[in-house]
Amino acid sequence: MLKPPDWHMLIVWYFFLGGIAGGAYFTAAIADNFGGQRDREVVRIGYILSTLLIGLCGILLILDLGVPTRFLNMLGVFKFWDPMSIGAWMLGIFGLFAFVSSALSLAGRESMAGFRRVWSLIGTITGFFLASYTGVLLSNSAQPFWSDARLMGALFLASGASTGMAAISLLLNLSGESAGEGFKKVKRADRFAMIFELLVLALFLAFLGSAAAPITTGHMAPLFWVGLVIAGLIVPLVMDVAGAGMVPAVVPALLVLVGGFIMRYVIVMANA
Amino acid sequence: MARTLAMFTDTSLCIGCRACQVACKQWNELPVEQPEWTGSYQNHAHFTDKTYRLVRFIEKPKENGELQWLLMSDVCKHCAQAGCLDACPTGAIYRTEYGTVNINQDVCNGCRYCVSSCPFGVVSFNHDTGRANKCTFCNDRIHNGLGPACAKTCPTDSIQFGFRDELVPKAEKRVAKLKEQGFAGAHLYGADSKGPLGGLNAFFLLLDKPATYNLPEKPELPQRNVLADSVFSVGSALLVGVTAIVAFRERGGKGDGHA
Numbered sequence: 001m002l003k004p005p006d007w008h009m010l011i012v013w014y015f016f017l018g019g020i021a022g023g024a025y026f027t028a029a030i031a032d033n034f035g036g037q038r039d040r041e042v043v044r045i046g047y048i049l050s051t052l053l054i055g056l057c058g059i060l061l062i063l064d065l066g067v068p069t070r071f072l073n074m075l076g077v078f079k080f081w082d083p084m085s086i087g088a089w090m091l092g093i094f095g096l097f098a099f100v101s102s103a104l105s106l107a108g109r110e111s112m113a114g115f116r117r118v119w120s121l122i123g124t125i126t127g128f129f130l131a132s133y134t135g136v137l138l139s140n141s142a143q144p145f146w147s148d149a150r151l152m153g154a155l156f157l158a159s160g161a162s163t164g165m166a167a168i169s170l171l172l173n174l175s176g177e178s179a180g181e182g183f184k185k186v187k188r189a190d191r192f193a194m195i196f197e198l199l200v201l202a203l204f205l206a207f208l209g210s211a212a213a214p215i216t217t218g219h220m221a222p223l224f225w226v227g228l229v230i231a232g233l234i235v236p237l238v239m240d241v242a243g244a245g246m247v248p249a250v251v252p253a254l255l256v257l258v259g260g261f262i263m264r265y266v267i268v269m270a271n272a
Numbered sequence: 001m002a003r004t005l006a007m008f009t010d011t012s013l014c015i016g017c018r019a020c021q022v023a024c025k026q027w028n029e030l031p032v033e034q035p036e037w038t039g040s041y042q043n044h045a046h047f048t049d050k051t052y053r054l055v056r057f058i059e060k061p062k063e064n065g066e067l068q069w070l071l072m073s074d075v076c077k078h079c080a081q082a083g084c085l086d087a088c089p090t091g092a093i094y095r096t097e098y099g100t101v102n103i104n105q106d107v108c109n110g111c112r113y114c115v116s117s118c119p120f121g122v123v124s125f126n127h128d129t130g131r132a133n134k135c136t137f138c139n140d141r142i143h144n145g146l147g148p149a150c151a152k153t154c155p156t157d158s159i160q161f162g163f164r165d166e167l168v169p170k171a172e173k174r175v176a177k178l179k180e181q182g183f184a185g186a187h188l189y190g191a192d193s194k195g196p197l198g199g200l201n202a203f204f205l206l207l208d209k210p211a212t213y214n215l216p217e218k219p220e221l222p223q224r225n226v227l228a229d230s231v232f233s234v235g236s237a238l239l240v241g242v243t244a245i246v247a248f249r250e251r252g253g254k255g256d257g258h259a
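Residue numbers (the numbering used here), protein chains in the order written: chain A, 1 to 272; chain B, 1 to 259.
Simulated from the structure, these hints should not be mistaken for lab results.
Think of the CB as a built atom: it goes at the ideal place given N, C-alpha and C, for glycine as much as any other residue.
Please note: incorrect hints may appear among the correct ones.
As the list claims (entries may be wrong) - Per label pair, the in silico range of CB-to-CB distance: (1) A:Leu254 x B:Glu97: 26 to 32 Å; (2) A:Phe80 x B:Ile58: 55 to 61 Å; (3) A:Leu198 x B:Lys62: 33 to 39 Å.
What the hints assert, rightly or not - These stretches of chain A come out as covered by chain B in the derived footprint (C-beta under 8 Å, 3 or more residues): (4) 17–30; (5) 134–143; (6) 182–190.
Only chain A is shown next, with the shape it has when bound in the complex (with noise of 0.2 Å):
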């Protein structure tokens, strides 16, 4: 007789919101090294975008937490085979890294652009930890379904890589930047990762096999097929391959965010 963990809604929103925050990361820190000035409002938004959701993550998981005020006990331990604890640091060095970007995008300064350039390089590796750990986290247990699943890690930051990108397309044309460059190379960089994401939810269903009921069928099966899979993929990959120019481009943004937090939900509320 197994025990869930009791992890609910403030966890299924850090596990959205944390991948958003990686995903904007290194798609901005790509951004800041392998493009240019037009996409200098992409750089700034995922820096930024970044930085904030890290901040109201650490809040969720201290909120989530038995005693709050014991947060910092987290710290007091390093366990390199332990997703949670490695979590834990990395929350902090993300945040780090994430904030300055910021400030160096922010502060202007021209000549600090080589610098902000390696270090947001560098910090793409712990925007692509906190894309996936949470999935290595859940699988990692004693759960059924959770530990059956070898791909978790893979497809939180896939979904992560999609959510972020959409994110980032979302407030550039929120912004007014939506006819610029940018704009166009964060969409084709979505369209890349919903492709992606596509293809690991295959893989990771094929793999599961029987093991993947809680979600494919049952109560939840509605919002798994109709929510993530259709509204949340496949409609806005049409919408951005074919529908262009007739779609408003927020409308597939917004799908994308929405199939997102519904594959989190979806995932944890399974064992709940």
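Fit chain B to the given chain A structure using the hints.
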């Protein structure tokens, strides 16, 4: 490290009196809980943050249809390789010098990763204190030369306490004797230190398959897949990273390059 201590629960001797369950509650000052309907004499259905010893009442008809009781006083296994201990990010869960596993209530911050990591569903979250609870192997008693309250009180010696290296041979003799008497299914669960989880410091003599007692056939360490999952995640990161670079790269001279 001192010699490893162990508890040996011989289910063939259990009469279901629940004295162990009561002794545990009293010694550890665990408050009462609302009983629940379990469809059997068993109460509660599962371990809770206030129930560390739990007598399982399993009704299993024999081949001739006659009802047979299988009784088992269940407890934290104090695994030699403990999933809860490996999962704990604060170091609150520790191994004592006697090989038992304990939760330091002054350090635990209630993250609940141990709850999801226990292969036996033992560790429980206490909503009143916001911390995780489980059997302490009567840590205070064993450090004062006494056995755990449950073993001390057991009127049939179904629960025995002692050094592991002495208890295991004793348990093996008991299995041989039961087999002689016709209990073909008698076997030890968790006694083998080369077996799953490196052996259990609270091990059992069962009369039927582990599944009958709601125990996993081969309990596994939850952390066994960290490496494989991480490798897949890194592969995924490389692919996502490369596609993002492709999407953002400024092509040959057309872009305006870095500022």
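So the hint says 33 to 39 Å: do the beta-carbon atoms of leucine 198 of chain A and lysine 62 of chain B match that?
-> The hint (33 to 39 Å, Cβ to Cβ) is violated, given that leucine 198 of chain A and lysine 62 of chain B are roughly 53 Å apart.
Using the beta carbons of phenylalanine 80 of chain A and isoleucine 58 of chain B, state whether their distance is inside 55 to 61 Å or not.
-> With a Cβ separation near 41 Å, phenylalanine 80 of chain A and isoleucine 58 of chain B fall outside 55 to 61 Å, so the hint is violated.
Count the residues of the stretch 182–190 of chain A whose CB lies closer than 8 Å to any CB of chain B, then report whether that count reaches three.
-> Coverage by chain B holds here, the residue count being 4 at a Cβ distance below 8 Å.
Examine the stretch 17–30 of chain A: at least three residues should have C-beta closer than 8 Å to a C-beta of chain B.
-> holds (count 3)
Using the beta carbons of leucine 254 of chain A and glutamate 97 of chain B, state whether their distance is inside 26 to 32 Å or not.
-> violated (57 Å)
Are 3 or more residues of the stretch 134–143 of chain A near chain B, judged by a Cβ distance of less than 8 Å?
-> Holds: 8 residues of the stretch 134–143 of chain A have a Cβ under 8 Å from chain B.
Hints 1, 2, 3 from the earlier list are contradicted by this structure; the remaining hints agree with it.
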